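Student: Given only the sequences and the hints, what does the whole structure look like? Please build it.
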Amino acid sequence: PRAIKVGGVSAPRPGDYDGDGRDDLFWFAPGAARDALWFAGPGRAFVSRPATLDPLPGPDVPFLAATWEAQYDPYGYVAHAFGPTPPDQYGREFGYSNTLESFQRNYERGFRVFESDWVRLADGTALAAHNGTERRYGLPAGVTFDEATRGQMDDTYTVGGGNGNEPATFTPVFAADLVELLRTHPDAYVILDTKLDHVEIVAEFVRLTAGRPDLMDRLVPHVAGQADLDQLRARYPIRNYVLALYRTQAFNRFDDAAVVRFVRNNRVPAVMMWWGQRNPGLSLSANMAQQRRYSAGFVAQLESGGAVCYVHSLGDVAAISSFASKRVGVYSNGPFPPFTTEPAPIEPRIESGPLV
Numbered sequence: 085p086r087a088i089k090v091g092g093v094s095a096p097r098p099g100d101y102d103g104d105g106r107d108d109l110f111w112f113a114p115g116a117a118r119d120a121l122w123f124a125g126p127g128r129a130f131v132s133r134p135a136t137l138d139p140l141p142g143p144d145v146p147f148l149a150a151t152w153e154a155q156y157d158p159y160g161y162v163a164h165a166f167g168p169t170p171p172d173q174y175g176r177e178f179g180y181s182n183t184l185e186s187f188q189r190n191y192e193r194g195f196r197v198f199e200s201d202w203v204r205l206a207d208g209t210a211l212a213a214h215n216g217t218e219r220r221y222g223l224p225a226g227v228t229f230d231e232a233t234r235g236q237m238d239d240t241y242t243v244g245g246g247n248g249n250e251p252a253t254f255t256p257v258f259a260a261d262l263v264e265l266l267r268t269h270p271d272a273y274v275i276l277d278t279k280l281d282h283v284e285i286v287a288e289f290v291r292l293t294a295g296r297p298d299l300m301d302r303l304v305p306h307v308a309g310q311a312d313l314d315q316l317r318a319r320y321p322i323r324n325y326v327l328a329l330y331r332t333q334a335f336n337r338f339d340d341a342a343v344v345r346f347v348r349n350n351r352v353p354a355v356m357m358w359w360g361q362r363n364p365g366l367s368l369s370a371n372m373a374q375q376r377r378y379s380a381g382f383v384a385q386l387e388s389g390g391a392v393c394y395v396h397s398l399g400d401v402a403a404i405s406s407f408a409s410k411r412v413g414v415y416s417n418g419p420f421p422p423f424t425t426e427p428a429p430i431e432p433r434i435e436s437g438p439l440v
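Using our numbering, you'd call the opening residue of the sequence shown number 85 and step up by one each time.
Think of the hints as simulated: they come from the structure by calculation, not from any bench.
As the structure is a computational prediction, the values presented were derived from the model and not from experiment.
Hints should not be assumed to be uniformly reliable.
Stated by the list, open to error - For each label pair, taking beta carbons as the anchor points, the in silico distance ranges come out as:
| no. | residue 1 | residue 2 | range |
| --- | --- | --- | --- |
| 1 | Gly125 | Ala95 | 21 to 31 Å |
| 2 | Arg291 | Leu366 | 15 to 25 Å |
| 3 | Pro171 | Gly246 | 53 to 63 Å |
| 4 | Leu280 | Pro364 | 25 to 35 Å |
| 5 | Pro421 | Ser94 | 43 to 53 Å |
| 6 | Thr424 | Arg348 | 39 to 49 Å |
| 7 | Gly246 | Arg351 | 43 to 53 Å |
Glycine residues also receive a C-beta, built at the ideal position from the N, C-alpha and C atoms.
Tutor: Have a look at this one:
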């Protein structure tokens, strides 16, 4: 047989990729590098022809349409920022805390899919926090997360002081803490809404979960598009991820047809968008200013491409119930099933925004 040299970090994956009973050879490298698929031909030769092949298996159970048909509750509901905190001494619940107590409380309530916001500190530490909430962690006025180190922060997340009320305190979650939570809660998934340093934050989780794909596969990053996905897959063969349309909508990029094409080309497991009905008379960015992107037709195209769809960020019982009846997933701070009369969570005041 004739030897053919393949450079780079490509690895051979033999298999019958065209169903003719002969082993073909797929040379695969993670990331954006071009792969090669050689088909076995007559006389022990290899031939090439146009082909598309995705070597990664499909998404896990929580991101399958069939799962949502049978078990929308719990998998269609996402606890936004780990969900609301436990009630404090005044009965107040707080949204957007991204704290340990929020995860624990909402896991106990039955949630299995969570979302959390992630920032990167100046020392490289990854923290579950939303940009604009720096004061909750004891950082001085004017100091942003990317300028701070872990040593400058309090050991608590503090919220709700003033007007004669004592503040409530909760426990911050760092990257290593989340990995441990996934180890001790083997049926939990966490969607990573990384802020700014997207690749670096995911790379930190790859480092912390080295040798444990059962953990890394349950960390589900938001991605903005092809370049973003390729950069992440250069570090880990990510297959559970959510296409986050708000990342491009503000810049009038990635309109519906391009999104559908991306979903089909990449077998995207999930897409998230603003919950408001899109106004076709407005630009993408103008729709985003009004929290609009959803349309039934757009979602139908995405679902036909194999993706499940989420809307965010809403807290109206009627709207949540309507989306649930359509099997469209919901990112919410609350209320949640069984939709009792519990108070709506209080959203913290922030220095910059919006909270997404």
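Student: Look at each hint and say if it fits the structure.
Tutor: Here is what the structure says about each hint:
{"no.": "1", "hint": "Gly125 / Ala95: 21 to 31 Å", "in the structure": "holds, 22 Å"}
{"no.": "2", "hint": "Arg291 / Leu366: 15 to 25 Å", "in the structure": "violated, 43 Å"}
{"no.": "3", "hint": "Pro171 / Gly246: 53 to 63 Å", "in the structure": "violated, 18 Å"}
{"no.": "4", "hint": "Leu280 / Pro364: 25 to 35 Å", "in the structure": "holds, 32 Å"}
{"no.": "5", "hint": "Pro421 / Ser94: 43 to 53 Å", "in the structure": "holds, 48 Å"}
{"no.": "6", "hint": "Thr424 / Arg348: 39 to 49 Å", "in the structure": "holds, 41 Å"}
{"no.": "7", "hint": "Gly246 / Arg351: 43 to 53 Å", "in the structure": "holds, 49 Å"}
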